[in-house]
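Undergrad: Each chain, written out:
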Amino acid sequence: MAKSNNPSVSSKVQLGEVVVLRLDGLDSLVARLTALGFETKGPVVRDGAVVPGPITGVADLPVGVHDEQAPGSYRLTRGDDGRLFDWAVGPGSWKAEFFPPSQEVWRAVKVGDSMQFTESAPLAPLAIVGARPCETAALDVLDRVLKDGAHRDPVYADRREGAFVAVVECATPASTCFCSSMGTGPGIEGGFDLALTEIDDARGHRFVVRAGSDAGVEVLSVLAHEEALDEDLEARGRVLDQAAARMGRQLQTEGLASLLARNVEHPRWADVAERCLSCANCTLVCPTCFCSDVRDTSDLDGTLERRRVWSSCFDLEHSYLHGGAVRTSASSRYRQWMTHKLSTWWDQFDTSGCVGCGRCIAWCPVGIDITEEAAFIAASDGATPANAVSKASAP
Amino acid sequence: MTPVVHRVVGRIQETDDVTTLCLEPVTGARMDFRPGQFNMLSAFGVGEAAISLSSAPGDRGPLRHTVRDVGAVTRALCQRDVGDLIGVRGPFGSDWQVPQRTVGTAVKDVRDTVVIAGGIGLAPLRGAVHELVAASHGGGGRVFLLVGAREPSQLVFNDDMEAWARDGARVLVSVDRASPQWHGRVGLVTALLSDAGFDPANCRALLCGPEIMMRFTARALVDMGVAPEAILVSLERNMQCGLGWCGHCQLGPFLLCRDGPVVPYAGIVSQLLTERER
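Chains as they are written, first to last, in my numbering: chain Y, 56 to 450; chain U, 9 to 286.
Worth flagging that the hints you see were computed from the coordinates, not collected in a lab.
For clarity, every value in this text was computed on a predicted model and none was experimentally measured.
All residues carry an ideal CB built from backbone N, CA and C; glycine is no exception.
Do not rely on the hints blindly, as some may be mistaken.
What the hints assert, rightly or not - Simulated coverage check for chain U against chain Y, where a stretch passes if three residues somewhere in it have a Cβ under 8 Å from a Cβ of chain Y:
#1 243-256
#2 279-286
As the list claims (entries may be wrong) - Output of the computed footprint for chain U on chain Y, the stretches with three or more beta carbons under 8 Å from beta carbons of chain U:
#3 169-177
#4 372-384
#5 399-412
The whole structure should be built from the sequences, with the hints applied where relevant.
TA: Shown next as structure tokens:
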């Protein structure tokens, strides 16, 4: 007969200690974070997709919601199992919470002989319950761009440094997922305040929880929790093993950056361009794409405003230089996007720009698959339009 | 992202569509910078554009930016009058690494410097030439300035070029199309290289102009025996933030606002210049 967990207690948890929360404990976590002054957000179902949104408790989470994803396809399904996190990431990433799609940078008015600037106010501190490991990995990537470089984006950096992040490890990756290849999931070992694993077996529906920071320890200590038993740890291991086994895709990352760097003239870029609509969906759903436009406007009352708005390298205007765009062809724009993600991101920020979340595959209207494109180029390394033609015409 | 407000204290109409703006901060001290760096200039209410500094750090007087009217923002900047306000953020980016004028110290770098500019490409080089000519009188190497322009009316900084020549620099100018009044050379700037008289084995070259001009000039320099490592080029892409955040100024591995605009020609840059739509 299986041992039973010790009855629920609120007691001081140690950093790295593993405990078990039941559903009411998860409810208390959300309430506790909100009581601490956080704007508390988590995955919610909106417009047929799982996206970040405000939550007040477990009832707001995607209860019994599952998903089916494939290149160019995303559908939610409903079950009666009551599980909260049995879905893979949807179109909305947590990027938007830290780096809003449109954000005022400053407003200015002419005062006397000069100008007076008002910089935008900081955003409220954010608590996230239910980010995936690939999504916190994406935030780590964004940190290198917006927070840890020579210039610190104060709005992003303040919101990020003040955030509380409770990650839920991934149990049900989609067919489009390849986080195992990128080393960003399905489990997580660091970079969180709390890490949860949802388990629903003979011993009940529960969460195995680890505290990864002092803030996490503090919050967890006041929640009714149980001591984790070996059975709980083994159950977590099974969840992660099963998740890794059902990973739908893989990306061969070894040598990938240099492979793409030496294949800028590969005929595959023209082939992708035949399919690519340059619609920018991939860059909008990507949790690491950071390109933005800086836009100034003036009001009739004389107030000036500068905004920062997401932009995309698929947009013709993106590479505009006096006289016109540098990257006019769809092939050059797709090449820019993919080689940036997987190759030149390393040069610029010493990391991959891809975390393997698979969103660009699911949300591409024509189902272009970054893993397939990379594999194709790897299999025909060194091809050029010239030698592709000569091969085709060879007897 | 918040600019420092500057006032236009002077403007020079260089050509039909090129204007030099002389700027002083409304409050506070003039910024320090190195030749080759750029600022983000705001035409308030219209937008911002990346414009290189065309003055020299050692000069007294206002900051200079030389702007060509090629779009909405640069047009608005060119139309600013004395007394108008302009926002300045910067300085950003890498520089030409020319010796700085320091009183009483000998300049250690005695190599020849070949400065090669196409059209308004002379603007980000102007400060460097000033410094180099001054350094050449303090033990620094010889200065060679080779300038190409589409036609004589497109030449900028004619007075400076005369002054640099008087100060010992060898200045050669060529235009693609001569006007009736033009008695100088006609042809591509690369045609000036063999007549300039610098020592290819002991020189450095600073290049700024259209990419195709830099590509062919750099190649010609290498063919003459100049080491690729001794060639610097100034590259340009759409720059919207100057801070490495906006992603627009990518060129292969570079974010040009951060890693450029001045980069060594040797290695990846020589390759990038031959690739289309990068």
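Undergrad: With reference to the structure, classify each hint as holding or not holding.
TA: Checked hints:
Given as covered by chain Y, the stretch 243-256 of chain U passes the check, having 11 residues with a CB less than 8 Å from a CB of that chain where 3 are the minimum. Counting residues of the stretch 279-286 of chain U whose CB lies closer than 8 Å to any CB of chain Y gives 4, so the stated coverage by that chain holds, three being the minimum. With 4 residues having a beta carbon nearer than 8 Å to a beta carbon of chain U, the stretch 169-177 of chain Y meets the requirement of three or more and the stated coverage holds. Check on the stretch 372-384 of chain Y: 10 of its residues sit with their Cβ under 8 Å from a Cβ of chain U, so the three-residue criterion for coverage holds.
Beta-carbon proximity to chain U at under 8 Å applies to 3 residues in the stretch 399-412 of chain Y; the threshold of 3 is reached and the given coverage holds.
In the structure shown, no violation is registered for any of the earlier numbered hints.
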